[in-house]
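Asks: Given the structure of chain A, go ahead and fit chain B onto it with the hints provided.
One line per chain: the protein sequences are A and B, in this order. Using our numbering, you'd call the opening residue of the first sequence number 69 and step up by one each time. Using our numbering, you'd call the opening residue of the second sequence number 9 and step up by one each time.
Since no wrong hints were added, every one of them can be taken at face value.
To spell it out: a stretch of chain B is covered by chain A in this simulated footprint if at least three of its residues, at any positions, have a beta carbon under 8 Å from a beta carbon of chain A; those stretches are: (1) 39 to 51; (2) 94 to 107; (3) 112 to 120.
Honestly, the hints are just simulated from the structure, not real lab data. For each residue, glycine too, the CB sits at the ideal point set by N, CA and C.
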Amino acid sequence: AQKVTQAQTEISVVEKEDVTLDCVYETRDTTYYLFWYKQPPSGELVFLIRRNSFDEQNEISGRYSWNFQKSTSSFNFTITASQVVDSAVYFCALFNAGNNRKLIWGLGTSLAVNP
Amino acid sequence: DTAVSQTPKYLVTQMGNDKSIKCEQNLGHDTMYWYKQDSKKFLKIMFSYNNKELIINETVPNRFSPKSPDKAHLNLHINSLELGDSAVYFCASSLTSGPHEQYFGPGTRLTVT
Numbered sequence: 069a070q071k072v073t074q075a076q077t078e079i080s081v082v083e084k085e086d087v088t089l090d091c092v093y094e095t096r097d098t099t100y101y102l103f104w105y106k107q108p109p110s111g112e113l114v115f116l117i118r119r120n121s122f123d124e125q126n127e128i129s130g131r132y133s134w135n136f137q138k139s140t141s142s143f144n145f146t147i148t149a150s151q152v153v154d155s156a157v158y159f160c161a162l163f164n165a166g167n168n169r170k171l172i173w174g175l176g177t178s179l180a181v182n183p
Numbered sequence: 009d010t011a012v013s014q015t016p017k018y019l020v021t022q023m024g025n026d027k028s029i030k031c032e033q034n035l036g037h038d039t040m041y042w043y044k045q046d047s048k049k050f051l052k053i054m055f056s057y058n059n060k061e062l063i064i065n066e067t068v069p070n071r072f073s074p075k076s077p078d079k080a081h082l083n084l085h086i087n088s089l090e091l092g093d094s095a096v097y098f099c100a101s102s103l104t105s106g107p108h109e110q111y112f113g114p115g116t117r118l119t120v121t
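Next comes chain A alone, as it looks inside the complex (with noise of 0.2 Å):
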C-alpha cells in the first residue's frame, strides 16, 4: 500500500528559528515521486518541489532544503531561519505510476511563524 505520514500536525516556532517538517513515505514500487506543496493562510495550493526516487541528492533553494533518505523512507523538508510568511500547511506527497496515476497526499502539517 502507498501511504504518506506527516506525523507533525502543528508546529509553532519563533521567527529565525530552524524547522524540519518530517515526511516518511511507503510504497513498494522502485520508481516514485515525492512531491512537497505549500498552502499560506491564503489558500492557494503552491507546488516547492519534485524528486524522483533514483536522486537522492538534497537540495537547497534560497532557505529551503530538502532530505531525501531512501533507507529511512523520509522526505523531510528544512525551513533555516524561519519568517512569519513561511506560516501555512505544508503537505508531502506521493506519485507512483502503479497508484492510478494519482498523488497520495499527507495530511499535512500547519507551520505557525511568530514574530
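Replies: Using the frame of chain A, we list chain B on its own:
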C-alpha cells in the same frame, strides 16, 4: 493571466440545490483534476481527466458529475447538495497524467446550509 482559474470563488446554497463549479487552465496541460479539501485540510482526489477522457474516478457519490468539454476546461456539477458537501473544491492541472507538478486554482469554498 491566471494559470488555473475557478468560478465562483464562494458558493453558498441550500441543501437539495444543484450547483456547478467551472475551471479553466491556460497552461496547455493535458490533465486536469478535482480535489475536495475538508475543514481539517485533508486533500482528497475526486476526478481526473486526461485530454477529455476520465482517468480517475474515486469513490465519490454519483451526485457529483464532472464534465470536460475540452482539455482546457473541467467543470463539476453537484446535484442534491448535502451538508457534508461543504468544503473547498480545488481544480488543478498538470502537463500529463504522469508525475508532474500540479498547478492549482484558487479554490471554491462551498457552503451548504
